[in-house]
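Visitor: Each chain, letter by letter, is given below.
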Amino acid sequence: MSGEDFAAYDDPSDGEDLRENRSHVFERLPETSADRTVGGRPSREAVVDFWADRFGVPRETFDGYTFWEKGSGKLWAYAGDAPDGIDVEALGMVFLRVRQDHWKPTTDAVQRFAGRATENVVHLDDEQARRFVAGEDQELEWDGDWGYLVVSHDVAGAAEPIGVGLYLHGELRSQVPKGRRRDID
Amino acid sequence: MVLERYDPLVDDVDAFRAACERPLPSVVRVNTVKTTVDRAMAALDADGHGYDRLDWLPELLRLDSDSPGTSWPYFHGWLYGQEEVSALPALVCDPQPGERVLDPCAAPGSKTTQLAAMMDDTGTLVANDNNLGRLSALRSNAERCGVTNLVVTNQDARNLSLKPFTADESDEQPPFDRALVDVPCSCEGTVRKNPDALDDWSVGHLEQIAGVQRDILRRAVQTTREGGTVVYSTCTFAPEENEAVLDHVLREEPVELVEFDVPLETRPGVTEWNGEAYAPSVERAKRVWPHLNDTGGFFCAKLEVTA
Numbered sequence: 001m002s003g004e005d006f007a008a009y010d011d012p013s014d015g016e017d018l019r020e021n022r023s024h025v026f027e028r029l030p031e032t033s034a035d036r037t038v039g040g041r042p043s044r045e046a047v048v049d050f051w052a053d054r055f056g057v058p059r060e061t062f063d064g065y066t067f068w069e070k071g072s073g074k075l076w077a078y079a080g081d082a083p084d085g086i087d088v089e090a091l092g093m094v095f096l097r098v099r100q101d102h103w104k105p106t107t108d109a110v111q112r113f114a115g116r117a118t119e120n121v122v123h124l125d126d127e128q129a130r131r132f133v134a135g136e137d138q139e140l141e142w143d144g145d146w147g148y149l150v151v152s153h154d155v156a157g158a159a160e161p162i163g164v165g166l167y168l169h170g171e172l173r174s175q176v177p178k179g180r181r182r183d184i185d
Numbered sequence: 001m002v003l004e005r006y007d008p009l010v011d012d013v014d015a016f017r018a019a020c021e022r023p024l025p026s027v028v029r030v031n032t033v034k035t036t037v038d039r040a041m042a043a044l045d046a047d048g049h050g051y052d053r054l055d056w057l058p059e060l061l062r063l064d065s066d067s068p069g070t071s072w073p074y075f076h077g078w079l080y081g082q083e084e085v086s087a088l089p090a091l092v093c094d095p096q097p098g099e100r101v102l103d104p105c106a107a108p109g110s111k112t113t114q115l116a117a118m119m120d121d122t123g124t125l126v127a128n129d130n131n132l133g134r135l136s137a138l139r140s141n142a143e144r145c146g147v148t149n150l151v152v153t154n155q156d157a158r159n160l161s162l163k164p165f166t167a168d169e170s171d172e173q174p175p176f177d178r179a180l181v182d183v184p185c186s187c188e189g190t191v192r193k194n195p196d197a198l199d200d201w202s203v204g205h206l207e208q209i210a211g212v213q214r215d216i217l218r219r220a221v222q223t224t225r226e227g228g229t230v231v232y233s234t235c236t237f238a239p240e241e242n243e244a245v246l247d248h249v250l251r252e253e254p255v256e257l258v259e260f261d262v263p264l265e266t267r268p269g270v271t272e273w274n275g276e277a278y279a280p281s282v283e284r285a286k287r288v289w290p291h292l293n294d295t296g297g298f299f300c301a302k303l304e305v306t307a
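First to last, the sequence lines map onto chains Y and S.
Under full-length UniProt numbering, the residue at position 132 of the first sequence is numbered 132, and the numbers go up by one with no gaps.
Under full-length UniProt numbering, the residue at position 258 of the second sequence is numbered 258, and the numbers go up by one with no gaps.
To be clear, the hints were calculated from the coordinates, so they are not data collected in a lab.
All C-beta atoms in this analysis are idealised placements derived from N, C-alpha and C, irrespective of residue type, glycine included.
Mixed in with the good hints there might be a few duds.
To be verified - Computed from the model, here is a short list of chain S residues facing chain Y with C-beta under 7 angstroms:
id, residue
1, Ala42
2, Thr124
3, Val151
4, Asn154
To be verified - Restraint-style ranges between C-beta atoms, simulated for each label pair:
id, chain 1, residue 1, chain 2, residue 2, range
5, S, His205, Y, Asp125, 53 to 59 angstroms
6, Y, Asp183, S, Glu259, 44 to 50 angstroms
7, Y, Asp126, S, Ala307, 56 to 62 angstroms
8, Y, Ser13, S, Pro174, 36 to 42 angstroms
9, Y, Asp63, S, Ser202, 51 to 57 angstroms
10, S, Glu304, Y, Arg116, 31 to 37 angstroms
11, Y, Asp101, S, Gly227, 41 to 47 angstroms
12, Y, Asp137, S, Asn154, 33 to 39 angstroms
13, Y, Val25, S, Asp199, 41 to 47 angstroms
14, Y, Thr37, S, His205, 51 to 57 angstroms
15, Y, Asp183, S, Ser202, 39 to 45 angstroms
16, Y, His169, S, Arg22, 31 to 37 angstroms
As the list claims (entries may be wrong) - These stretches of chain Y come out as covered by chain S in the derived footprint (C-beta under 8 angstroms, 3 or more residues):
id, region
17, 150-157
18, 175-184
Just chain S, with the same shape it has in the complex (with noise of 0.2 angstroms):
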């Protein structure tokens, strides 16, 4: 089986096997764009939904039941379904109100409605995704969440153009402050949501995606301001997906990757892979493995760019 190949990456085997195994609880992030904590709360409690908040991020709540999307303060738009690990990469990111922010993979929107949030809904934040029918499920869910701030566009993100933010007489091409890059991936860690994510994996998959995983990134730093933030993150296990694009990044653009502390139990970053060996620095990325904090799998690093 495809996990087996990490088995010496892991420090628990069985504990990881066995948390791969567990189906994930339903979980709802609080949108604050349109609520508070307190009160969704007060809305759950009113309709009779059980939940535990969260400790490491105080917006998140573990339902008991899976069905929020037929709820009052899901009507609101009070709460986005969102596995617990996948709300990480937007609190690394850590925009602030009035930065230009990019999301290049945005589709279907829980991370792009998580960084709105962080901005107060104020400055500008760029989601793109290349797929118009996940667009149209981004736009719905933005708009549920009462979103303004949002720009949604439709390119490829390995050559994301500025043009469309350039006036008509201007050349000036604004680059990001900040960039959460949440490429697409093998899925590998999202095995406890969807025990069908392992069906179609082969090492040539792996490969092919890697490719559009560097070419993403780059495009990123490539658009962010120097002194910027670009957060690299998927939800894969596979180093080739991980540590190997961050090693490539790392030789080919004016980058490096920096500490970062996370409210989560993690292990770093791999520098040694099927007899590849990656730039040590790719140690400062996190592996967040589903035994650890019993949630999907999940990789994610913290770049600053230099130039």
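Chain Y on its own, in the form it takes in the complex (with noise of 0.2 angstroms):
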């Protein structure tokens, strides 16, 4: 049930009352291990700590957010006010599937929010640049970890994220949704 990045970045011993997560409500992430009512459910620190560590996102970048699950493990960040529990088609934007062994982080996160990010970056030059985003998946050296990577290239004259990879045995895997993949100009 907890899977490997949650016991690399959150305490997963079981409490003694842990309720079933709701999923078709938006519930609030407990801010500590300590505070855990839901199953599975990581905290807001080890969430940020998994940003932290993982890719070096500043961990200010989510000062003023609140993180809520809805679904299964589909984890929302969001910079408004809403009552726990609250039932509604979105809140703030999906950026982190947990309750799988790796988190995963979404497209739109990691531009949104991976602006700063400094490990495990790959930075790609135009053309490879272009097939990620067009969905191909492609071979690449890269002496870092494997697992989910920010991929990054150069535009207007400055890196940018541009979304998730999945690096193993010297293949980079295109993460980019289906509906959000294009051929650039």
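Dock chain one against chain two, each of which comes alone in its own frame, and use the hints as you go.
Guide: Given below as structure tokens:
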């Protein structure tokens, strides 16, 4: 149930009275593992640690945001006010998939929050970046960690995150969602 | 033809008709949630896309090509394809950072994402639409634009409930500071973008849709705080959907029309149509005829809630 990243960034020891996730409403993440009331739900602290430790995203990037779960393991980052348990279609943006071995940031979250990422960022040239946003997998030299990486390229003279790649066995697999893929002119 | 019925309201019928025949240029708005206008222009320059910056709203760029969707700045969520004149009502609504703002007919999200950018992506922006398919387009557009202050709801805007925003142990229903009520309409003013826009036109349809518009505007007024701002807009010329809707809501709700300035050439709202007389203050609304600024047609009114 807990998964590798949950164990790495949170305290997965089950408390006494944990209840099940109510997947049809938005429930707010506990501040720390000690505040947990729902089984398998990571704490806000663990999620910020994940972005900071894995990608070097400064912790203050998430100041002013609350984190919520709706669906199973779909986490949302939200800047406004809402009561816990709110039953609406969307609250801020989907930014991380948990309740799986390796936590996976979304394309739009990486574009929004990973501009200052320093770790596990693979920087592509223009040709490679075009193949990536078209949804193609490509062979790539990479000395760093395997798993989900932030993918960036240069646009208007500076590096910008484009999305998420899965690096395995010498290959960068594009994780750009089908509806978001483009053949850039 | 349908547009002839507006000849008595137009100052230059030939120019009006000629403008309605011309296609509209492709315009994008720079999404300042994710970038600056300078960086977006630099990205277009680097890709060899030509454009002109529009002088009345610095975030608007008129493109030489008509395929902004396959450029790098679009993929990064830096650009949003939006008809020039439809950027007007958010400007009139003028939402401020930290406020609570309602967009009751939000999909597919050009005005919603513009409101979010004007709020610096802070405060609470409630975007509602009754159509789930269109809501899914709104959600993906908002996420591509990196908008995080957004709550998306799927309700009938005519009886929008604030109950979702009320905590379990409370009965407080927090009102909105502002609302941008860009209602579904007969879309006559989009004839330049969509030449089929008038194919299904009928007086019966106007009357039916005006009833919906009245109810949506009334509900938006009811959910906005005293002193708050409600902007009403359509992309149609029909007084039945514009001044007549305002006239009705002025009589039913504690609200008044206020004067406002816009950086486009406009004409005042009309106070008489087809033998009906409307409240004199509907003159404070603004009509944008296509030939005045070479845009689509538009109607916009600014209201203040008085109780």
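Visitor: Run every hint past the structure and note whether it holds.
Guide: Tested hints:
The interface hint given for S/Ala42 is met, as the beta carbon of that residue sits about 4 angstroms from the closest beta carbon of chain Y, less than 7 angstroms. Because the closest C-beta pair between S/Thr124 and chain Y is about 3 angstroms apart, less than 7 angstroms, the hint holds. Checking S/Val151 against chain Y: minimum C-beta separation of about 5 angstroms stays under 7 angstroms; hint holds. Taking 7 angstroms as the C-beta contact cut-off toward chain Y, the hint placing S/Asn154 at the interface holds, the least distance being around 5 angstroms.
Roughly 54 angstroms separates the CB atoms of S/His205 and Y/Asp125, a value that falls within the hinted 53 to 59 angstroms. Distance hint for Y/Asp183 and S/Glu259: a CB-CB separation of about 49 angstroms, consistent with the stated range 44 to 50 angstroms. At about 59 angstroms, the beta-carbon gap between Y/Asp126 and S/Ala307 stays in the expected band of 56 to 62 angstroms. Distance hint for Y/Ser13 and S/Pro174: a CB-CB separation of about 38 angstroms, consistent with the stated range 36 to 42 angstroms.
Taking 51 to 57 angstroms as the suggested C-beta distance range, the pair Y/Asp63 and S/Ser202 conforms, at roughly 54 angstroms. Taken as a hint, the range 31 to 37 angstroms is violated for the pair S/Glu304 and Y/Arg116, whose Cβ atoms sit roughly 42 angstroms apart. At roughly 53 angstroms, the beta-carbon separation of Y/Asp101 and S/Gly227 lies outside the given 41 to 47 angstroms, and the hint is violated. A C-beta distance of roughly 36 angstroms is found between Y/Asp137 and S/Asn154, which places it inside the suggested range of 33 to 39 angstroms.
Range check, Y/Val25 to S/Asp199: Cβ separation about 43 angstroms, and the 41 to 47 angstroms hint holds. Between Y/Thr37 and S/His205 the Cβ separation comes to about 52 angstroms, which falls inside the hinted range of 51 to 57 angstroms. The given range of 39 to 45 angstroms is respected by Y/Asp183 and S/Ser202, whose C-beta atoms sit roughly 42 angstroms from each other. About 56 angstroms separates the C-beta atoms of Y/His169 and S/Arg22, a value inconsistent with the hinted range of 31 to 37 angstroms.
Counting residues of the region 150-157 of chain Y whose CB falls under 8 angstroms from any CB of chain S gives 3; the rule of at least 3 is met. For the region 175-184 of chain Y, the proposed coverage by chain S is satisfied: 5 residues have a C-beta within less than 8 angstroms of a C-beta in that chain, meeting the threshold of three.
The structure fails to meet hints 10, 11, 16 from the earlier list, while all remaining hints are met.
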